[in-house]
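> Sequence:
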Amino acid sequence: MDYLARYTHRVAISNERLISLHQGQVAFRVRDNANPGKNRVERLSAESFIARFLQHVLPQGFKRIRHYG
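The sequence shown: position 62 = 61 (numbering that gives the first Met the number 0), numbered continuously.
These are calculated hints, taken from the structure and not from any lab test. There are no misleading hints in this set.
Beta-carbon label-pair distances, calculated as ranges: (1) Leu57 - Asn14: 18 to 26 Å; (2) Lys62 - Arg39: 28 to 36 Å; (3) Asn14 - Glu46: 15 to 23 Å; (4) Ala33 - Gly60: 33 to 41 Å; (5) Gly60 - Pro35: 34 to 42 Å; (6) Gly60 - Arg39: 35 to 43 Å; (7) Ile64 - Ile18: 28 to 36 Å; (8) Phe52 - Asn32: 16 to 24 Å; (9) Ser13 - Ser47: 16 to 24 Å; (10) Leu53 - Gln24: 13 to 21 Å.
Nothing here was measured: the structure is a model prediction, and the numbers come from that model. Heads up, the beta-carbon is just placed ideally off N, CA and C, and yes, glycines get one too.
Let the sequences and hints guide you as you build the complete structure.
Below you can see the structure in the form of structure tokens.
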């Protein structure tokens, strides 16, 4: 049940991946597809970061899970 709760209620990016917010720039860790098993630091403006994050927020009334069982 704990696994299911984590899976269905997780956010687009975890707090552990967020590194810093400095002078309007957000730094966070992402997987480096060019080097499997490695991470790299991505930096975006705060506005760009929020815009990307909000793409994962469902509109009111939408359901995240369609079927189960």
